[in-house]
Amino acid sequence: MTNDELNQPGYEIPPEIKNQVAITTIDRIYNWSRRSSIWPMMFGLACCAIEMICTAASRFDFARFGMEVMRPSPRQADLLLVSGTVTKKMVPQIVRLYNQMPEPKYVVAMGACASGGGPFKEGYNVVSGIDNYIPVDVYIPGCPPTPQALLHGLITLQKKIDNQTLREARWYKKDVSEVIPVPVLGPDIMDPREYELIRQYSQQKSATTVSEALEGESNPV
Amino acid sequence: MMEQAILTDVDLAEKFPQKVKRDERKGYEGYLVDADAFLQVAQFVRDEMGYDYLSSVTGVDYFPENYLESVYHFYRTTGGPALVLKVQTPRDNAVVPSLVPLYPGAEFQEREAWDLLGIRYEGHPDLRRILMWEGFAGHPLRKDWREPYYEEDGKPFKSRWPDGHVYRIEDKNPFHKNVDYPADFDPDQWAPDNDASLYASLKKIQSSLSDSGLKTDTVIVNMGPQHPSTHGVFRMVVLLEGETIRALKPVMGYLHRNHEKIGERNTFLMNMPFTDRLDYLSSMSNNFGYALAVEKLMGIQPPERAEYLRVIMAEFTRISNHLFAIGSLLNDLGAYFTPMLYAIEERELILDIFEAVAGSRMMCNYFRFGGVARDLPEGVYEKMRDLAYERLPRRIDELDLYLTNNEIIRARCEGVGVLTAEDAIAFSASGPLLRASGVPYDIRRADPYSIYDRFEFDVAVRYHGDVYDRYLIRMDEIRQSIRILQQAIRDLPEGPIQSGKPQYQVRVPAGEAYGRVEAPKGELGYYVVSNGKPNPWRYHVRAPSFVNITALETMAKGNKVADSVAILGSIDIVLGELDR
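Going down the list, the protein sequences come from chains S and X.
Heads up, the first sequence is in this note's numbering, so the first residue is -2 and it goes up one at a time.
Heads up, the second sequence is in this note's numbering, so the first residue is 533 and it goes up one at a time.
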């Protein structure tokens, strides 16, 4: 970021110290330093992870944007790059990892699968989009997104960070980040927040099967 | 076993009358074996007929006929075509004797058939679900099992084609997501398995450990599914005595994307882009195997130029895959990302070629039944020639110079994770894993497909079976691939790239076919059953990573826990293919 972008407009800086002094706001300097040193979590799910590695490698090199420090531990990471198909068997782990990340934290859904299920959407073990479970900041289309597309998505995230302000940031609020309940592996994946709905659904289902059987209309395939 | 003369051309139906009969359904091959005589027949096949290599075990659900069929493909490691055995069993009580005592390589494949089709293998030492979790409702590959987003049995769905009234399937689901629950289910009463059965099977091993007189404690350590050295979302659970591995259980399914269920809803051609996403580091090889299987069913041959293009792309894929494998093995050893950067640099050049011919870097979707999708664009031939003749040989020598005699690599790799030749065959290992153990078995030579019989190349083989040899064999194979590439690029003929007119909907006659290729990671097989309809009745992928991982425990046992990472890295797994 050049001095011009960092400087808060409206404050006159004498020309003789123009390159040594910047007058800025807390928001700007804070966001500037955060967005220039995003540490992504080293966490690959599927095909997109390979393109993520390629983006980290010398040809595309996201170190240019201050993101080269990939941390294998969620406790040291700012950015969860969900790079690939999220399966029902994996989603409890992803939610747990997300919960373990300290605020401020961001989530990028990389690729069609993480954004909405992608080509595997209809699969019985596939979660149609990680946003069913955790909040997502940036969606990157593609299957897999090219490294250029991933870079564009990360720059978009930087822009988002630039526009945040301390006054409204959720991690400075009094009642800080609420923990997302970890889904449970039942006969199908179960979100603990939906237990009531599941119970209703399953009672309704048994009622309809009973009535269908009584009417003799049940149709075994 | 080898002293005995190997019987060839035995008619099993004559040898075991009443128990075995020829499979006479149209388009099918092999023998139907009675379940109660199956072990006896399998023993005969292994010991007397020399079929020492069990390639694939899978099941097929013949739904209206109401039976399940367990299908086995046996090969000889000396080369030659397959022997196919099938065991039929009723659907409501599906029990088949387990082959694990005779062929340990069947272990995970049988668990998969149990998980997805509900065939119970009697005598299996550890029959648990493998891809789904314990407690999951139903066996999803059964034909009457429906996923929550079920719309119709086969694509194209009537709602989308030809009229195209598209709606979001989420809107029809009460939860607005991909879930469904059985009737009369109360989530509060549910007790999740939480890997209890997994730990129970480890405890069983723990109690069988020999008592040395010293009082020692064992510890169970989990690694993964989120771990940078598992190459994705793989998980292993090790039982340690001090630092020594006493038992190891791989846990998988964290990337199980239901390839086979979706594949059975798709039309034949729709599966081609899905195969890209199996082993996402080598999509061209995946296309190759699937194209071969369906072409076998259809009885067509691609034209000459297409054959050459296929071989060129498959060998480039092998090089890029092995580069990545070597890079990530060194990552696992602690040479953090520097060798990887060298490897990725060359890989990017190969990806550029793929992008030029197929339009995509990784998911090429380049093969078609009876040919390939596009011809070479302008300038790509020269690029390929320069790469194969100039750049790659030089850069491989450079990598070799930097890595092969490195003191640390030798100290970490030599003598670690040994797999003997006998074990490698018994565990159905394939590809570099098998050849590094001293078995010169390469499908390109042993059971040639496409035009591989025209090229001059050596089957790379190493004899120690340790991590270091598995590293070396990848170097050797890159060099052999470059030899093949040089010949194929030199001889590339002009001509059409597709036999007949390209078409969206191919007509595939009823029958079964098993097409296999020597993919970079090992034997990649596709078992396809067609009933003459637009969608395959059964579509099974015999993935090399999945079967190779069966030998992991044997390789890791007795080694230190720190070496388990190197051993896993030397197998070179890809999760997309392991879990499918």
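To be clear, the hints were calculated from the coordinates, so they are not data collected in a lab.
Treat each hint with caution, since some may be false.
Claimed, not checked - Dumping the calculated DSSO-like pairs for lysine-lysine here, alpha-carbon to alpha-carbon at most 30 angstroms:
id, chain 1, residue 1, chain 2, residue 2
1, X, LYS704, X, LYS558
2, S, LYS118, X, LYS704
3, X, LYS1092, S, LYS118
4, S, LYS118, X, LYS558
5, X, LYS687, S, LYS118
6, S, LYS202, X, LYS704
7, S, LYS118, X, LYS1065
8, S, LYS202, X, LYS915
9, X, LYS828, S, LYS202
10, X, LYS558, X, LYS828
11, X, LYS1092, X, LYS781
12, X, LYS1089, S, LYS118
13, X, LYS675, S, LYS202
14, S, LYS102, X, LYS1092
15, X, LYS1033, X, LYS828
16, X, LYS709, S, LYS157
Results for each hint:
Under the criterion of a C-alpha separation no larger than 30 angstroms, the hint pairing LYS704(X) with LYS558(X) is inconsistent with the structure, at around 41 angstroms. Using a Cα cut-off of 30 angstroms, the hinted pair LYS118(S) and LYS704(X) holds, with the two alpha carbons roughly 15 angstroms apart. Restraint check for LYS1092(X) and LYS118(S): not satisfied, since their Cα atoms lie roughly 41 angstroms apart, outside the 30 angstroms limit. Restraint check for LYS118(S) and LYS558(X): not satisfied, since their Cα atoms lie roughly 35 angstroms apart, outside the 30 angstroms limit.
A threshold of 30 angstroms between alpha carbons decides the hint, and for LYS687(X) with LYS118(S) the separation of about 14 angstroms falls inside it, so the pair holds. With a C-alpha separation of about 15 angstroms, the suggested pairing of LYS202(S) with LYS704(X) holds against the 30 angstroms cut-off. A distance of roughly 24 angstroms separates the Cα atoms of LYS118(S) and LYS1065(X); the hinted pair therefore holds under the 30 angstroms criterion. As the CA atoms of LYS202(S) and LYS915(X) are separated by approximately 61 angstroms, the hinted pair breaks the 30 angstroms bound.
Note on LYS828(X) and LYS202(S): the hinted pairing is violated, with a Cα-Cα distance of about 45 angstroms set against a maximum of 30 angstroms. With a CA separation close to 14 angstroms, the supplied pair LYS558(X) and LYS828(X) stays within the 30 angstroms bound. The straight-line distance between the Cα atoms of LYS1092(X) and LYS781(X) is roughly 15 angstroms, inside the 30 angstroms bound, and the hint therefore holds. This hinted pair does not check out: LYS1089(X) and LYS118(S) have alpha carbons roughly 39 angstroms apart, beyond 30 angstroms.
Straight-line distance between C-alpha atoms of LYS675(X) and LYS202(S) comes to about 21 angstroms, which keeps the hinted pair within the 30 angstroms bound. For the suggested pair LYS102(S) and LYS1092(X), the alpha carbons sit about 37 angstroms apart, so the restraint of at most 30 angstroms is broken. Proximity of LYS1033(X) to LYS828(X) is assessed by CA-CA distance (about 18 angstroms); at most 30 angstroms being required, the pair is judged to hold. Under the criterion of a C-alpha separation no larger than 30 angstroms, the hint pairing LYS709(X) with LYS157(S) is consistent with the structure, at around 28 angstroms.
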